[in-house]
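Heads up: the protein sequence lines correspond to chains A and S, in order. For the first sequence, the working numbering gives the first residue as -7, with consecutive numbering after it. For the second sequence, the working numbering gives the first residue as 4, with consecutive numbering after it.
Hint data in this document are derived by calculation from the structure and do not stem from the laboratory. Built from N, CA and C at the ideal position, the CB exists for glycine as well. Warning: the hint list may mix true and false statements.
Restraint-style ranges between C-beta atoms, simulated for each label pair [claimed, not checked]:
{"#": "1", "chain 1": "A", "residue 1": "Glu38", "chain 2": "S", "residue 2": "Asp99", "range": "37 to 43 angstroms"}
{"#": "2", "chain 1": "A", "residue 1": "Ala39", "chain 2": "S", "residue 2": "Ala16", "range": "33 to 39 angstroms"}
{"#": "3", "chain 1": "S", "residue 1": "His108", "chain 2": "A", "residue 2": "Ser44", "range": "32 to 38 angstroms"}
{"#": "4", "chain 1": "S", "residue 1": "Ser88", "chain 2": "A", "residue 2": "Gly148", "range": "21 to 27 angstroms"}
{"#": "5", "chain 1": "S", "residue 1": "Ser205", "chain 2": "A", "residue 2": "Glu38", "range": "32 to 38 angstroms"}
{"#": "6", "chain 1": "S", "residue 1": "Glu122", "chain 2": "A", "residue 2": "Gly148", "range": "30 to 36 angstroms"}
{"#": "7", "chain 1": "S", "residue 1": "Ala16", "chain 2": "A", "residue 2": "Glu150", "range": "25 to 31 angstroms"}
{"#": "8", "chain 1": "S", "residue 1": "Thr55", "chain 2": "A", "residue 2": "Ala12", "range": "35 to 41 angstroms"}
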Amino acid sequence: MTDTVLMPPEHTVPIAFTRAQLDWLPWLEPLAIEAMTERHLASLVEAARVKSPYFRLLARDPDALEARTRTDKDIFYNPDAGLPRAERELVAAATSRFNGCLYCASVHARHAAIYSKREADVQRLLDGGVTADLGERWNALVAASVALTATPSALGPEHVDRLRRSGFDDLAIADVIHAAAFFNWANRLMLSLGEPAATPGL
Amino acid sequence: MTTSGTDADVIDALIGITPGSPLDAIRARRPEARLHAQATYRALFVPEAPGTVTAQERLAVAAFVAGLHGATAIAMWYAARLAESGALPALTEAVDAVIAEARTHGPYGRYPAGPLSREDTAGLRLRVGAATGRSLGPRLAAAFEHAHLLVFHPRDGTPAALRALLDAGWSTTDIVTLSQIIAFLSFQIRVVTGLRLLAGRS
Chain A
-7 MTDTVLMPPE HTVPIAFTRA QLDWLPWLEP LAIEAMTERH LASLVEAARV
43 KSPYFRLLAR DPDALEARTR TDKDIFYNPD AGLPRAEREL VAAATSRFNG
93 CLYCASVHAR HAAIYSKREA DVQRLLDGGV TADLGERWNA LVAASVALTA
143 TPSALGPEHV DRLRRSGFDD LAIADVIHAA AFFNWANRLM LSLGEPAATP
193 GL
Chain S
4 MTTSGTDADV IDALIGITPG SPLDAIRARR PEARLHAQAT YRALFVPEAP
54 GTVTAQERLA VAAFVAGLHG ATAIAMWYAA RLAESGALPA LTEAVDAVIA
104 EARTHGPYGR YPAGPLSRED TAGLRLRVGA ATGRSLGPRL AAAFEHAHLL
154 VFHPRDGTPA ALRALLDAGW STTDIVTLSQ IIAFLSFQIR VVTGLRLLAG
204 RS
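Chain S extracted, bound-state conformation (with noise of 0.2 angstroms):
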């Protein structure tokens, strides 16, 4: 495979860390995160195996949880790789606009009852509406519902929420593969926005 951001390392692409740079060494000091890092994006967006999630479930995910952490450029990226994949503008466009209606501030949610009830907060439970719903499809409507659940209140995790995924037509394995998308991206969020601050600030 040599589509575009097949090869190249993601996380120096986002942040922009070019051969020698003081950013490019310090990676280098963690090789394995850096080249596994890498890895975990290639098993998760262009798979030897894709099974029975799609390209353009992947990346609309993807898309759609750099949109919830307004992490604009990165939400961008995943988009432009989900338009090269040939999807639909209204796909683009919903994604957009569920992004629009679900951004908020977490981590949120709920304790089992005890001492840390007093830690107890309050947030959106996103429900993805009819009309945009028929954008996205029955898979990516349930898909992005719980994306929003991972992303901002991940303590409020149930069977039911993933009984949900399964009742949209997400075997168990594509719920493995859908969790890993929304956590992989937690976490490359993060390493870009972290290590871009640490080199505006050497």
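In isolation and in its complexed conformation, chain A is listed as follows (with noise of 0.2 angstroms):
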């Protein structure tokens, strides 16, 4: 048994939630880029993500990594109605922000902003924490998503009657569910397989 735990090399650890570009350090061992058989390299989904250490490190498993990312795609980018996509974003970034995942709340957060043009509402998010005041319909996205986000679930039929009082319907409130849900996986990967790095130079 020779496999062993990576020590990171000289970095910057973030020290807040931030919308830049953060890198992302193992603590274990991906694959090799030349040792990837055509299933792991399949298992990626998307070519580019060999270059990824978080994609290479799931490789491992490629069954489960190919699996979890079809999933991802369809709750996020499934374009048939349901929740708009800068709002799927949102509930991905406010489960983020309340596990703690700083890299994922980058992304997220970034991508909400982008697709809502809500700069600052969004980044009231991540200064301001689950609580900050994004406006009501925002309010009941993220008291949904924390409510699903904690262990065990505090999620009530006063959650989803909020929902539908600021108009979602019965497949935006799914979609909320399986966003809040899928960032619960993701989060959790994130947060124990390594960490995150501040991008030199940004």
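Starting from the two chains in their separate frames, assemble the complex, guided by the hints.
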């Protein structure tokens, strides 16, 4: 048994939630690109992800990685009605903010800000946390995401009713549930298999 | 494979979704997410290439994670699969014993020293006792300690936590699979909890 924990190179540890680009440094050895089989490469779904140590680490269980990624893509990118894309990203950012995943929050806060054009509100979520006032529609989304993210779940009928009052239909509410649930999956992998690093030069 | 729980959609089964019901229609609008959530279940619990993580280890961790969430029906579902796999009663009893002493409320944990330190929240760090540890064996005892970390205080992940798994006999690839099982359950439980609540509010 030669497996060991990796010591990340010297880096700047981010100490606040940010929309800036972060790096992610693995604590376990990702697959070496030259050692990857066709199955490993296919499990990345997107060929460009071969550059990512996170995805090359998860590729050690290729069937689980591929199914994870295809689940992710449908929850966030399926254009058929339901929750608007910007708000799926907001749910991902709020879930990540509550669990404490600076890396995931940075990516999805960036996306939420771009798609909603509400940079100030997204930044308020990052700076002030999940109780920041973002207006009733977004407050209802954040409250439901946070309640479902708590362990055990604190989601109740009042959260569903509040979303309905903000105009969300059942498909949109199901999207909220899926997006928050998915980031409870993603945050746990990101937080436990490596750590974020500020990008040099930014 | 045709054993129970292998072919039928597990999330549908856990919620009790019947063909033609409102939730069936909602899940049908996100067909890839539905398909690949099930594919993830198969990859993690009835894998084509199980490697060096046993079926009993996979199912015991799942039952433990569901129990920690207070998701009793889901915990019982995985415990039933575990019993079917030929697990000794001492193992299933040990799973229940650790759940009883390990349940708490999350997410809690610490941030890197800085402005987020005011959000640091103390909580239980699970150490499996000697008697229960003997029933679980060293690999599962270490896996349960890690599962508790990921479920309740995922932002406390460290290289040392991974080293403890390596020391208990988990390889790097085993740890990726273990992490996916814990993280996927964190998703599956929330989808079931959330959709069931939504259906009850329709």
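Hint by hint, here is what the structure shows:
The hint said 37 to 43 angstroms for the Cβ distance between glutamate 38 of chain A and aspartate 99 of chain S, and at roughly 42 angstroms that hint holds. The beta-carbon spacing between alanine 39 of chain A and alanine 16 of chain S, approximately 35 angstroms, falls within the hinted interval of 33 to 39 angstroms. Here the CB-CB span from histidine 108 of chain S to serine 44 of chain A is close to 33 angstroms, well matched to the stated 32 to 38 angstroms. Taking the beta carbon of each, serine 88 of chain S and glycine 148 of chain A are about 35 angstroms apart, not inside 21 to 27 angstroms as hinted.
Evaluation of the 32 to 38 angstroms hint for serine 205 of chain S and glutamate 38 of chain A yields a pass: the beta carbon distance comes to about 37 angstroms. Separation of glutamate 122 of chain S from glycine 148 of chain A is about 24 angstroms and departs from the stated range, judged on CB atoms against 30 to 36 angstroms. For the pair alanine 16 of chain S and glutamate 150 of chain A, the beta carbons lie near 28 angstroms from each other, so the given range of 25 to 31 angstroms is met. A beta carbon spacing of about 40 angstroms between threonine 55 of chain S and alanine 12 of chain A agrees with the range 35 to 41 angstroms that was offered as a hint.
When held up to the earlier numbered hints, the structure conflicts with 4 and 6 and fits the remainder.
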